[in-house]
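The chain contents come next:
There are 2 protein chains.
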Amino acid sequence: MSNNANDNIIIKKSETSKIDSVDFENLSFGNVFTDHMLICDYKQGIWEKPVIQPYEPFLIDPSAKVFHYGQAIFEGMKAYKDGNDDVWLFRPDQNYERFNKSAKRLAMPEVPEAVFMEGMKKLIELDKQWVKNEVGSSLYIRPFMIATGPGVVAAPAQFYRFMIILSPAKAYYSGEVKVIVAEHYSRAANGGIGAAKAAGNYSAQFYPTKLANEMGYQQIIWTDDATHTRLEEAGTMNVFFRINDTLYTAPTSERILDGVTRKSLIAIAERENIKVDVRPILVEELIAAAENGTLQEIFGSGTAAVVNPIVGFSYKEKYYELPKQENSLALQLKAMLNNIQYKLAEDTFGWTVKI
Amino acid sequence: MSNNANDNIIIKKSETSKIDSVDFENLSFGNVFTDHMLICDYKQGIWEKPVIQPYEPFLIDPSAKVFHYGQAIFEGMKAYKDGNDDVWLFRPDQNYERFNKSAKRLAMPEVPEAVFMEGMKKLIELDKQWVKNEVGSSLYIRPFMIATGPGVVAAPAQFYRFMIILSPAKAYYSGEVKVIVAEHYSRAANGGIGAAKAAGNYSAQFYPTKLANEMGYQQIIWTDDATHTRLEEAGTMNVFFRINDTLYTAPTSERILDGVTRKSLIAIAERENIKVDVRPILVEELIAAAENGTLQEIFGSGTAAVVNPIVGFSYKEKYYELPKQENSLALQLKAMLNNIQYKLAEDTFGWTVKI
Numbered sequence: 024m025s026n027n028a029n030d031n032i033i034i035k036k037s038e039t040s041k042i043d044s045v046d047f048e049n050l051s052f053g054n055v056f057t058d059h060m061l062i063c064d065y066k067q068g069i070w071e072k073p074v075i076q077p078y079e080p081f082l083i084d085p086s087a088k089v090f091h092y093g094q095a096i097f098e099g100m101k102a103y104k105d106g107n108d109d110v111w112l113f114r115p116d117q118n119y120e121r122f123n124k125s126a127k128r129l130a131m132p133e134v135p136e137a138v139f140m141e142g143m144k145k146l147i148e149l150d151k152q153w154v155k156n157e158v159g160s161s162l163y164i165r166p167f168m169i170a171t172g173p174g175v176v177a178a179p180a181q182f183y184r185f186m187i188i189l190s191p192a193k194a195y196y197s198g199e200v201k202v203i204v205a206e207h208y209s210r211a212a213n214g215g216i217g218a219a220k221a222a223g224n225y226s227a228q229f230y231p232t233k234l235a236n237e238m239g240y241q242q243i244i245w246t247d248d249a250t251h252t253r254l255e256e257a258g259t260m261n262v263f264f265r266i267n268d269t270l271y272t273a274p275t276s277e278r279i280l281d282g283v284t285r286k287s288l289i290a291i292a293e294r295e296n297i298k299v300d301v302r303p304i305l306v307e308e309l310i311a312a313a314e315n316g317t318l319q320e321i322f323g324s325g326t327a328a329v330v331n332p333i334v335g336f337s338y339k340e341k342y343y344e345l346p347k348q349e350n351s352l353a354l355q356l357k358a359m360l361n362n363i364q365y366k367l368a369e370d371t372f373g374w375t376v377k378i
Numbered sequence: 024m025s026n027n028a029n030d031n032i033i034i035k036k037s038e039t040s041k042i043d044s045v046d047f048e049n050l051s052f053g054n055v056f057t058d059h060m061l062i063c064d065y066k067q068g069i070w071e072k073p074v075i076q077p078y079e080p081f082l083i084d085p086s087a088k089v090f091h092y093g094q095a096i097f098e099g100m101k102a103y104k105d106g107n108d109d110v111w112l113f114r115p116d117q118n119y120e121r122f123n124k125s126a127k128r129l130a131m132p133e134v135p136e137a138v139f140m141e142g143m144k145k146l147i148e149l150d151k152q153w154v155k156n157e158v159g160s161s162l163y164i165r166p167f168m169i170a171t172g173p174g175v176v177a178a179p180a181q182f183y184r185f186m187i188i189l190s191p192a193k194a195y196y197s198g199e200v201k202v203i204v205a206e207h208y209s210r211a212a213n214g215g216i217g218a219a220k221a222a223g224n225y226s227a228q229f230y231p232t233k234l235a236n237e238m239g240y241q242q243i244i245w246t247d248d249a250t251h252t253r254l255e256e257a258g259t260m261n262v263f264f265r266i267n268d269t270l271y272t273a274p275t276s277e278r279i280l281d282g283v284t285r286k287s288l289i290a291i292a293e294r295e296n297i298k299v300d301v302r303p304i305l306v307e308e309l310i311a312a313a314e315n316g317t318l319q320e321i322f323g324s325g326t327a328a329v330v331n332p333i334v335g336f337s338y339k340e341k342y343y344e345l346p347k348q349e350n351s352l353a354l355q356l357k358a359m360l361n362n363i364q365y366k367l368a369e370d371t372f373g374w375t376v377k378i
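Quick mapping for you: the protein sequence lines, in order, are chains A and Y. Heads up: the first sequence begins at 24 in this note's numbering, then just goes up one per residue. Heads up: the second sequence begins at 24 in this note's numbering, then just goes up one per residue.
Isolated chain A, as found in the complex (with noise of 0.2 Å):
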């Protein structure tokens, strides 16, 4: 391990590279790393240096908080590289700020701009070969921060560490999608953290999604936990609904996560006049739309897929199945976004950011 240090992050490089191990047409989506990480830890009010080193696991108290209390957020983000083999980040500022968000709402501190995105830069830079030139390939950034103060009295911690973990991907296949309306479980509470990148959102999901593949669906469409009549995200994901060619999505709220791949496929569709509704939907909105034959497609739209079409859905133990569609514009949204991100087409927008 030879050290290099520069002003702003200290960096450990591996003396080996496990990537000729790495069989990249066969991945399976985020369970291969690269070979360096990055760790920035916060001790009583003060962020400490970065340091990127050697992927490895880490010593870490039994006590450490976020193993008691949950205290732990991250991000989602892709790096793709273009025909020039330059490596771009696509809105990194808007997953910047949604860190942030997500750590006030969990009482965690904020990271500072220098260590998230500088650190994130030179992460990439290191790991550059990880990231293939092929459409469809990318590599999946995972920015995170977890409370390891120590102390089993449940109040924010004064420890954190924040680092970022990098995992080659291919394009995101997940076979037929049907989904279920979720009728008695739910994902987040008003006055709660649905609209943080909170992991205690996600494992809250675990059981209600297990029970939903038994019945034989992918995913649960997620209604609000009050009335269960709104229709809010789609498993992990934002949700698009096209009824009569205008594409429905539901606000974004303390509930409902900001999504970067929702917002960024409402500003193309609108750029390409298609028209956009956000609003609440409903869910009888959405039966009259099946059952009245302008109900035309359903999408999830998320960092890991970018879209995930939808086939089918059950609602009340009936199951409704979409048209086939000749002009999906869930994968036309999704290409005109790709095309983007693998700057194979002009980015209008400004959106992406050359490493």
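Calculated directly from the structure, the hints in this document are not laboratory data. Treat the hints with caution; some may be incorrect.
Repeated chains share a single entry, so a pair holds when one copy, or any two copies, can fit it.
[To be verified] Below, computed lysine to aspartate or glutamate pairings styled on DMTMM-like, alpha-carbon distance capped at 20 Å:
| # | residue 1 | residue 2 |
| --- | --- | --- |
| 1 | 36 | 84 |
| 2 | 41 | 84 |
| 3 | 193 | 340 |
Owing to the predicted nature of the structure, the values given are computational and were not obtained by experimental measurement.
Go by the hints and put chain Y onto chain A.
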């Protein structure tokens, strides 16, 4: 370090003890741990043999799902020493049962009774000198389970770690507690995980509690997230209201934790012919009782404090001071419960279990 294995648990004893360095007169809750801890790993369907070993940090992968998706649950229990230096547990069956309910809700594997119970007893036996023979002193027991399985994909892990750590505790005194009734924030959703002792439930409370602290209140009385009209919990405790000599507490639900102290206090109160009414309590009932002088006491109940009397509450920017009680039911019930726990009164319920 010496190794002793018996049939069921591997014991690696610490060669030295930290106990002489601990100031037992000035313990702050949950910050000092005993010499040993228990670890039991779950790997793809199988619980390995539990290991009792010196308390120390452990290695974990940065992509462990506990950090990203919050699969983490815990229990809080106490051990007490009687006049004969025997150590007693209080209703451990209830904690064990609830632990596995939490596990199920978070899509985690259930922990075998032998691991949880025998492991806990063996561990406490080994660190028995940490339990002081003194009313008020106890050994706080923290069983917990985390998802150690790697991968940044939102799905249940394949690997888990169950642990028990122990922390010596003094009588818990939190000073005068003023609370604020939640009008916006909430701790649990309908169809959510509020009834589970899931890590994610706690970090969600830190920010609203910080806001309350800044306004001069120590805790929040949580209301239902949909209407904020029903009184549900106080801080991380269940909550009781004494109005016109009847004790009211909300029924357990998927939003409200089935507290062991809560149900023990209800049983003792009923034995003592104190009227108890378990039903949803409306904020407007509380205000009316405060205004017409029938509100006598409010107190939280939980393992750490047993009973936490509240001196006043705020609602819609109006502060309601509670009357001073010469015969506080809160303190009477606490004394009766403590007497059972310390074996100073007959345990008519059969709640105590000797180690």
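Hint-by-hint comparison with the structure:
Proximity of residue 36 and residue 84 under a CA criterion of 20 Å is satisfied inter-copy only: 19 Å between copies versus 26 Å inside one chain copy. In the homo-oligomer, the alpha carbons of residue 41 and residue 84 lie at most 20 Å apart only across protomers (16 Å), although the nearest pairing inside one protomer, at 29 Å, exceeds that limit. Proximity of residue 193 to residue 340 under the C-alpha cut-off of 20 Å is found in neither arrangement, the shortest distances being 35 Å within a copy and 54 Å between copies.
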